[in-house]
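Order-wise, the sequence lines are chains A and B. For what it's worth, the UniProt record's numbering labels the leading residue of the first sequence as 1, then goes sequentially. For what it's worth, the UniProt record's numbering labels the leading residue of the second sequence as 1, then goes sequentially.
By construction, these hints were calculated from the structure, which means they are not laboratory data. Keep in mind that the hints are not guaranteed to be accurate.
Identical copies carry no separate label here, and so any pair may be met within one copy or between two of them.
[Said to hold, decoys possible] Below, computed lysine-lysine pairings styled on DSSO-like, alpha-carbon distance capped at 27 angstroms:
1) K97 - K189
2) K198 - K23
3) K198 - K171
4) K67 - K112
5) K4 - K180
6) K199 - K91
7) K180 - K97
8) K189 - K154
9) K4 - K171
10) K189 - K113
11) K198 - K113
12) K198 - K57
13) K112 - K189
14) K154 - K199
15) K189 - K43
16) K91 - K112
17) K91 - K171
18) K171 - K199
19) K180 - K23
20) K43 - K97
21) K43 - K180
22) K4 - K189
23) K189 - K199
This structure is a prediction, so every number in the text was calculated from the model and none was measured.
Number of protein chains: 2
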Amino acid sequence: MKEKGILIVLSGPSGVGKGTVRKALFSEEELSLQYSISATTRKPREGEVHGVDYLFKERVEFEEMIKNDQLLEWAEYVGNYYGTPVEYVQKTLDEGKDVFLEIEVQGAMQVKKAFPEGLFIFLAPPSLSELRNRIVTRGTESEDLIHNRLTAAKEEIEMMDSYDYVVENDKVEHACDKIKAIVTAEHCKRSRVAPRYKKLLEVE
Amino acid sequence: MKEKGILIVLSGPSGVGKGTVRKALFSEEELSLQYSISATTRKPREGEVHGVDYLFKERVEFEEMIKNDQLLEWAEYVGNYYGTPVEYVQKTLDEGKDVFLEIEVQGAMQVKKAFPEGLFIFLAPPSLSELRNRIVTRGTESEDLIHNRLTAAKEEIEMMDSYDYVVENDKVEHACDKIKAIVTAEHCKRSRVAPRYKKLLEVE
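Construct the complete structure from the given sequences, taking the supplied hints into account.
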């Protein structure tokens, strides 16, 4: 029995460095993750290859995919559609490979709804834990600055609640190491491993 | 706010190599695990140090500890008591350090009852997954041998159900890497991390 792959969703507030962490992760050769390819209606840029960088679609095609629930998530941005085709994800998971999706928080919440069995990792800004020090030494910063930072922090912390793991992006290498550990651990989860062993005995 | 440590319990069928994996783990310098020291009524052997190898106790002291629920688990073996004092474990966890316990399955189940928030890792014999191949090529092995192996395997697989993770001990280094990944991942769990962030904001 082949083990199904895991859908790994990395998200977090904008500016936290999701793209940088994703690129660092995929620059490592031993990593056996598949990067999920997005579909888009925007025109290919110089050098972009259909099926590698994006799946380039016509608007009418994309709207058809929305209608037929063929996207794990989608959004319209500056007049163009962007989305994650469920077919590629499903096919890759069925082959026993993990699929990695780096995505904005709104998209991640759509994926969570469509695919709750995914592994949801929240990348947290290090400024969040620096906040404590800032507050402690508040005499040195204006009340307004602290207030704005606190409001943003509250929103960021509320976002976390829908995720399985929180990884602080204090250093890209640290964040990558933690994400790799989380994926390794996930493959050792009893709920994932035991059924395979049980299946084994059904042969008898 | 200091994060509490995690109680990590490594167990598995006898002969699976729990002790070897534990020794390999603790030979690594970067590892910040505390090994839980057992209490026993057996006499110290040459070179054994009280408080390092064991907490050496008189029978009456040990029985007092049992009576007062001061042991996470205990057993009597060849006329001597062995057990895990809850005080050392609790104190170490409160200091924010992880405690590692390598223990027989019966003891692990006692710990699970007393300390359900622990992290329970089952070390599985690689022979379990080799079993499939054996069955497939069954012509080459006697029915009896296969039957005995299957009965044992069924018991081992049933044991897994009380654990959070299953790590196959195919190679000691692999098992160690997986255990370290599981501990790293556990420290990134949202249920563990988010309350710290939330606590941070209560300052305001």
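- Message: Could you work out which of the previously given hints the structure breaks and list their numbers from low to high?
- Response: Of the numbered hints, 2, 12, 15, 17, 20 and 21 do not hold.
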